[in-house]
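Undergrad: Single-letter residue listing:
Number of protein chains: 4
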Amino acid sequence: MVTLNTRQKFYQVIFGTQTKAGQYFDIVLILAILCSELVLILSSLEGVATEFSNLLFVMEWFFTLLFTVEYIARLYCSPRPWAYAKSFYGVIDLIAILPSYIAFLFPGSNYLLIVRLIRVMRIFRILKLARFLKDSNILLRSLLMAQRKILVFFSTVAILVTVLGALLYAIEGPENGFTSIPASIYWAIVTITTVGYGDIVPQTDLGKTLAAFTMLLGYSILAVPTGIITAELSQEMKTQRDLIRCLNCATSGHEADANYCKKCGAELPQHP
Amino acid sequence: MVTLNTRQKFYQVIFGTQTKAGQYFDIVLILAILCSELVLILSSLEGVATEFSNLLFVMEWFFTLLFTVEYIARLYCSPRPWAYAKSFYGVIDLIAILPSYIAFLFPGSNYLLIVRLIRVMRIFRILKLARFLKDSNILLRSLLMAQRKILVFFSTVAILVTVLGALLYAIEGPENGFTSIPASIYWAIVTITTVGYGDIVPQTDLGKTLAAFTMLLGYSILAVPTGIITAELSQEMKTQRDLIRCLNCATSGHEADANYCKKCGAELPQHP
Amino acid sequence: MVTLNTRQKFYQVIFGTQTKAGQYFDIVLILAILCSELVLILSSLEGVATEFSNLLFVMEWFFTLLFTVEYIARLYCSPRPWAYAKSFYGVIDLIAILPSYIAFLFPGSNYLLIVRLIRVMRIFRILKLARFLKDSNILLRSLLMAQRKILVFFSTVAILVTVLGALLYAIEGPENGFTSIPASIYWAIVTITTVGYGDIVPQTDLGKTLAAFTMLLGYSILAVPTGIITAELSQEMKTQRDLIRCLNCATSGHEADANYCKKCGAELPQHP
Amino acid sequence: MVTLNTRQKFYQVIFGTQTKAGQYFDIVLILAILCSELVLILSSLEGVATEFSNLLFVMEWFFTLLFTVEYIARLYCSPRPWAYAKSFYGVIDLIAILPSYIAFLFPGSNYLLIVRLIRVMRIFRILKLARFLKDSNILLRSLLMAQRKILVFFSTVAILVTVLGALLYAIEGPENGFTSIPASIYWAIVTITTVGYGDIVPQTDLGKTLAAFTMLLGYSILAVPTGIITAELSQEMKTQRDLIRCLNCATSGHEADANYCKKCGAELPQHP
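Protein chains in written order, with full-length UniProt numbering: chain A, 1 to 272; chain B, 1 to 272; chain C, 1 to 272; chain D, 1 to 272.
Hints are computed from structural coordinates only; laboratory data are not their basis. Treat each hint with caution, since some may be false.
Claimed, not checked - Below, computed lysine-lysine pairings styled on BS3-like, alpha-carbon distance capped at 25 Å:
| # | chain 1 | residue 1 | chain 2 | residue 2 |
| --- | --- | --- | --- | --- |
| 1 | D | K238 | A | K238 |
| 2 | C | K238 | A | K238 |
| 3 | C | K20 | C | K9 |
| 4 | D | K86 | D | K9 |
| 5 | C | K238 | D | K9 |
| 6 | B | K9 | B | K20 |
| 7 | C | K238 | B | K238 |
| 8 | C | K9 | C | K86 |
| 9 | A | K238 | B | K9 |
| 10 | D | K238 | B | K238 |
Using the sequences plus the hints, can you model the full thing?
TA: Shown next, in the form of structure tokens:
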């Protein structure tokens with residue numbers, strides 16, 4: 001019975017975000033992830049890697065052991081350990097620690113260390129913190145509302161990019177850098193998103209004309225996602241404002257970041 | 001009488017989108033188009049083209065014959081075959097299959113195979129699928145509403161780009177890469193859309209000053225299409241929301257993706 | 001008396017846009033300007049210039065004489081010829097024809113022909129056509145309303161660009177392409193507008209960090225003009241919709257491109 | 001007693017913006033800062049620096065002495081001189097004059113002159129002028145309202161850029177220009193903001209695919225700040241419009257730049 005209780009407490013701290021301890025655990029974990037990422041980033045710098053190789057080695061193993069303990073703790077306190085191990089974050093958590101051990105057991109497999117980089121994926125846990133903030137809800141909700149419109153938009157862009165890429169491949173050909181249709185589609189995406197690296201550029205007059213057309217078309221087409229998100233966001237903010245209603249005097253229409261009723265000064269209820 | 005009936009049924013399936021069979025036909029056709037495009041894209045890759053040349057050849061002819069059958073079926077079941085053959089999609093459908101046959105009859109004319117790329121235009125039929133989605137209607141309608149504003153905007157951009165291109169040609173001249181006025185207009189479009197390839201860049205101080213002015217001007221000017229589309233989209237979404245009215249309790253103002261009335265729970269009518 | 005009457009009629013046709021004849025004159029003039037521009041653009045192409053030199057010469061003189069006649073006609077029918085000659089368009093109209101004559105009198109001064117390019121400025125007269133369109137009014141009015149906000153915005157951008165350019169000049173120095181502060185400001189504008197030519201790029205780590213900061217800052221800052229124009233445009237479109245009121249049944253709130261009242265079908269009054 | 005009065009008057013002029021004299025002082029100061037910046041910018045141009053070295057030297061010392069006098073005056077009239085000296089602008093004001101003196105005392109330390117560039121930071125005082133303008137208030141207030149949403153957005157971008165940079169480093173490696181993870185993060189920022197210098201570009205097929213994904217993702221993600229600012233700006237402008245109420249007839253809803261009531265013609269109260 002006691003063990004179970006400890007387990008449940010652990011579960012609340014490690015997986016939950018409701019208790020103070022759970023929130024502190026999340027913050028400490030995110031700091032640890034950020035630090036371990038910093039170590040990885042620093043060891044990719046040639047100068048640092050040779051000079052501080054010992055320190056980086058120690059740090060690396062410190063974080064590996066820390067994340068191993070965390071992984072075991074998660075398995076231990078989870079009511080269904082197997083379900084956790086198979087979940088998205090379970091796999092990521094395992095991948096985050098495995099490469100260091102494999103590289104230790106088979107010294108030649110340094111190449112595997114690159115997989116450690118996947119540890120960065122764990123950073124996405126930081127987004128769980130974002131849930132504490134009122135504002136990220138509005139952003140997420142309006143993105144979700146716009147989901148299908150954005151899908152329709154991306155399908156259109158995918159078709160356009162294929163057609164334009166294929167046309168440029170036919171016009172310019174491999175001698176002008178458009179070596180294949182996939183390479184030309186890559187060019188079309190670089191152009192239509194206005195990134196414009198300049199590593200592949202049309203050389204013929206017809207190619208340049210079509211490229212100019214692509215840019216202008218792309219620009220108007222790409223105004224659409226901004227329009228979609230703005231429209232949804234305006235609507236969502238209006239809805240939020242109407243949702244908050246003072247429990248004292250029933251006034252609604254408060255600003256998104258208001259904590260007190262603008263009419264009677266009573267504390268406003270938080271967003272659900 | 002029976003033949004006519006078969007024809008009409010065929011017509012419903014091949015040209016229509018109302019029946020289940022017609023929708024399945026469209027989906028299968030689009031998958032076939034996408035696969036045939038994939039074959040074309042793969043055969044543009046040098047490595048793949050030499051290794052799998054036989055497989056690609058077979059696939060190519062499989063799709064050519066398939067689209068030939070489809071073309072004949074369309075001609076057969078169409079009430080006015082000649083009108084279909086002369087229509088936009090009729091010509092595209094013919095162009096999609098002709099090059100393979102011509103290349104077969106006149107072996108030297110491999111160059112014509114490039115015309116096969118026009119087959120990608122058939123992908124636009126995929127947009128017929130989009131009509132099933134509620135959201136693409138809103139997008140299309142707001143683009144149509146903004147049509148004339150976008151035209152006015154593009155005329156202004158065309159004039160600006162000509163003037164700026166001509167000025168840069170006069171300032172920089174052919175020795176700095178601005179070989180002709182069309183080339184300079186191409187530069188102006190690359191700059192004003194913020195693509196910025198960097199293949200042509202001003203070298204003189206006056207040219208750079210004017211280029212900086214072009215960028216800032218371009219940026220503010222190009223904020224206009226986003227503004228237009230956002231404003232139309234907001235209006236259209238509001239109109240849509242007001243349009244849907246619950247048949248049970250006559251409440252309007254439902255969210256765009258609502259299926260049930262938020263007041264009485266009755267199923268909402270679909271968009272027209 | 002008769003001469004005066006002819007003059008006034010001429011004035012109505014040449015300067016006015018109210019009469020049918022005046023509108024036709026404007027359209028013909030704009031076509032002539034566009035054609036003369038096309039001749040200029042074509043003669044900047046090396047291949048065309050040598051092959052069709054005679055034709056281009058004849059065309060050039062045809063348009064020069066045409067615009068000379070137009071200029072004299074404008075002087076003749078204008079109630080205050082001197083005021084017209086000193087006005088912006090009066091000077092442009094003179095500059096548009098002078099270079100050809102000077103090049104004819106002093107054969108060596110071919111360099112002056114470049115000034116002919118200023119003739120492109122006359123294209124802006126095309127914008128007078130735009131006044132016929134309902135939609136360009138809304139665009140112009142919302143740009144005018146946003147005028148001061150855009151000015152405030154551009155002052156901020158000017159300061160930011162100076163500070164960032166000076167910092168990068170101090171960090172990178174002439175050896176990395178940042179040859180002077182003006183050159184660095186040019187780089188900052190190229191970066192902050194997301195054009196990104198790549199002709200000048202930071203090489204040091206500190207420079208790259210600051211460049212990354214510039215991009216992200218620039219991106220958020222440059223979201224502002226879009227926001228300004230969208231907000232003004234939405235407001236203006238709403239105002240326009242409220243302005244049009246059916247003269248028959250007094251219903252307002254019609255769509256921007258509506259010609260008939262949606263309630264009683266009576267023709268709607270046009271925008272003022 | 002008299003000294004104190006002079007001091008207070010000085011304080012009103014130098015630090016205040018309420019009196020006419022204070023506003024003139026600010027304008028003169030800003031002009032002096034702009035001129036001293038111009039001198040700095042000009043002396044960074046090689047040609048100008050050698051030809052006008054004497055004039056630039058005199059100008060430089062004129063502005064250094066002027067700003068020294070200003071600094072002493074600020075210290076003198078400030079009620080708490082030490083608090084001013086430690087404040088942000090106090091430090092900037094000191095840094096603006098120190099380098100010239102140090103370079104004079106230790107002739108070899110020309111390198112320190114670069115620190116003079118920090119003087120550009122003083123330009124931000126110009127923003128105090130902006131407070132006179134009604135419109136900059138609306139811009140600032142909507143940016144402040146959007147503050148937290150923009151913070152959430154930038155955190156997401158920071159994570160995305162780290163993950164994408166690390167992935168590209170793993171895929172492309174130092175041989176294709178992705179020399180370290182920070183360099184790859186720099187590339188990711190250049191790509192996601194659509195700047196696209198082209199100094200580092202992916203070479204492998206997998207890298208190009210991921211780059212294309214980065215561009216499209218980045219484009220939709222970066223539509224968010226525009227959406228946020230537009231939505232806040234629309235709301236703020238509406239609020240402003242409702243705030244102004246005619247003191248004569250109590251009509252509200254006037255245009256943002258209206259000076260007189262549209263109903264009764266009485267002068268409108270200014271924004272608070």
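Undergrad: So which of the earlier hints does this model not fit?
TA: Checked against the structure, the hints that fail are numbers 5 and 9, while the rest are satisfied.
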